[in-house]
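Starting from the known structure of chain V, fit chain A onto it as the hints suggest.
Here the protein sequences line up with chains V and A, keeping their order. Residues 1 to 225 (UniProt numbering) make up the first sequence, in order. Residues 1 to 225 (UniProt numbering) make up the second sequence, in order.
Derived by calculation from the structure, the hints in this document are not laboratory data. Fair warning: there could be bad hints in the mix.
Sample of chain A residues at the chain V side, in silico, Cβ under 8 Å [to be verified]: (1) 28; (2) 62; (3) 74; (4) 81; (5) 82; (6) 126; (7) 146; (8) 153.
In silico lysine-lysine, DSSO-like type, Cα no more than 30 Å apart, as pairs [claimed, not checked]: (9) V:170 x A:149; (10) V:56 x A:201; (11) A:47 x V:201; (12) A:57 x V:57; (13) A:209 x V:178; (14) A:57 x V:47; (15) A:56 x V:149; (16) A:47 x V:57; (17) V:209 x A:57; (18) V:209 x A:149; (19) A:201 x V:209; (20) A:209 x V:57; (21) V:56 x A:166; (22) A:209 x V:209; (23) V:201 x A:209; (24) A:57 x V:149; (25) V:149 x A:47; (26) V:47 x A:149; (27) V:149 x A:182; (28) V:149 x A:178; (29) V:209 x A:56; (30) V:149 x A:170; (31) V:201 x A:57; (32) V:209 x A:47; (33) A:209 x V:56; (34) V:149 x A:209; (35) A:149 x V:182.
Ideal Cβ placement from N, Cα and C applies to all residues, glycine included.
2 protein chains.
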Amino acid sequence: MAAAALPPPPTPAPEPSMNLLEPTRLDLPIFSRVRLATADDVPHIHKMIHQMAVFKKLTHLFSATESSLTTTLFNSPPFTSFTIFLLEVSPNPLTTATAAAFPPIERVIHLDLPLVDPERETFFSDKANDITVAGFVLFFPNYPTFLAKPGFYVEDLFVRDCYRRKGFGKMLLSAVAKQAVKMGYGRVEWVVLDWNVNAIKFYEEMVAKIHDEWRICRLTGRTIP
Amino acid sequence: MAAAALPPPPTPAPEPSMNLLEPTRLDLPIFSRVRLATADDVPHIHKMIHQMAVFKKLTHLFSATESSLTTTLFNSPPFTSFTIFLLEVSPNPLTTATAAAFPPIERVIHLDLPLVDPERETFFSDKANDITVAGFVLFFPNYPTFLAKPGFYVEDLFVRDCYRRKGFGKMLLSAVAKQAVKMGYGRVEWVVLDWNVNAIKFYEEMVAKIHDEWRICRLTGRTIP
Numbered sequence: 001m002a003a004a005a006l007p008p009p010p011t012p013a014p015e016p017s018m019n020l021l022e023p024t025r026l027d028l029p030i031f032s033r034v035r036l037a038t039a040d041d042v043p044h045i046h047k048m049i050h051q052m053a054v055f056k057k058l059t060h061l062f063s064a065t066e067s068s069l070t071t072t073l074f075n076s077p078p079f080t081s082f083t084i085f086l087l088e089v090s091p092n093p094l095t096t097a098t099a100a101a102f103p104p105i106e107r108v109i110h111l112d113l114p115l116v117d118p119e120r121e122t123f124f125s126d127k128a129n130d131i132t133v134a135g136f137v138l139f140f141p142n143y144p145t146f147l148a149k150p151g152f153y154v155e156d157l158f159v160r161d162c163y164r165r166k167g168f169g170k171m172l173l174s175a176v177a178k179q180a181v182k183m184g185y186g187r188v189e190w191v192v193l194d195w196n197v198n199a200i201k202f203y204e205e206m207v208a209k210i211h212d213e214w215r216i217c218r219l220t221g222r223t224i225p
Numbered sequence: 001m002a003a004a005a006l007p008p009p010p011t012p013a014p015e016p017s018m019n020l021l022e023p024t025r026l027d028l029p030i031f032s033r034v035r036l037a038t039a040d041d042v043p044h045i046h047k048m049i050h051q052m053a054v055f056k057k058l059t060h061l062f063s064a065t066e067s068s069l070t071t072t073l074f075n076s077p078p079f080t081s082f083t084i085f086l087l088e089v090s091p092n093p094l095t096t097a098t099a100a101a102f103p104p105i106e107r108v109i110h111l112d113l114p115l116v117d118p119e120r121e122t123f124f125s126d127k128a129n130d131i132t133v134a135g136f137v138l139f140f141p142n143y144p145t146f147l148a149k150p151g152f153y154v155e156d157l158f159v160r161d162c163y164r165r166k167g168f169g170k171m172l173l174s175a176v177a178k179q180a181v182k183m184g185y186g187r188v189e190w191v192v193l194d195w196n197v198n199a200i201k202f203y204e205e206m207v208a209k210i211h212d213e214w215r216i217c218r219l220t221g222r223t224i225p
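So here's chain V without its partners, still in its complex pose (with noise of 0.2 Å):
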């Protein structure tokens, strides 16, 4: 056989870590949702809301247990009183049942490098699945009187440390926000410590408007008159 007739050797694939100008991209996605939480999400709950206390340096206030929690929510219809939407991951995709009052939002995300979550199995909402709870927002009504109707007052907003700055806390606080809409309230409002300038930040690229000129007053327990 002459020479000629053979095909042309097969060009090797690069390296991806050799090609230093064109990394290749992985695609990685993570199905998320937020829904609604209900009793059966106390144990997730109760410890994101004691990694939250940590985080705001705010440990010696925090009392609560897994049975206060219980006792003290999910006694009203959802929006009514105290409410939580809870944002579960998973990189498979959801298979998300309607809920009545409030069908679950999901979105998908595309990661270029693996998430690592060290706290996955602690988190499982649903292991068979793949399903984790990596963050909540709880809000209830309030009422602005000069707009005499009520608003939404976000208590807490927390996503998990390894799922930061991917988009879920705005996806959490535009929940509120729409289900704001939905019922025809005049406002989401929220508060947030002047030194968490992340948060602040995060807040004013939202287009929040924060207000310098207000301050928080309590009476809590032996100050009560």
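Relative to chain V, chain A alone:
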């Protein structure tokens, strides 16, 4: 008759206005009570909310109408959602029927100068018995997560101008705090404008703790994503 038998001439009563060292002090009682407001009180509540907007320099935010207040308030049992305590005053003793949900709190204060209420006619809640609305407090349950039990958030505390500095603000705020204790709630919370030094002084005298490190964030109307 001998002159000696005559009784001594009576000592003339001193003219109060002439005795500069010991002026005669009047004792003008004001009978007051804190009671649950009802839908019938909306016209008075609406007027006071407007006066409050003027005082807080926030009339640009004021859009409440009697109709919007009526639609959004008094839709739930007291204390489970938005709740209003009304302050009423009268120069006459009050006859109070015992209310099931909240037995009114009464108090008599004693003034040594007559109190002139230029808007008495406008704020009569019971003209036949000379009872006038003098203030209100609007509050609703909130949920301090770290405590994992509800508290009350005081949205508004207002005493009409001529009734200020007589203890009525404290009477209203204490009524909320006492209700919180009665319900096993953990905290009473509200906000104050940082330039409102009189209010801050008043709250500090009530042993409230002022938290300087929080900032209020709001999404309103068009800025809701």
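Violations among the numbered hints: 1, 3, 6, 11, 12, 13, 14, 16 and 21
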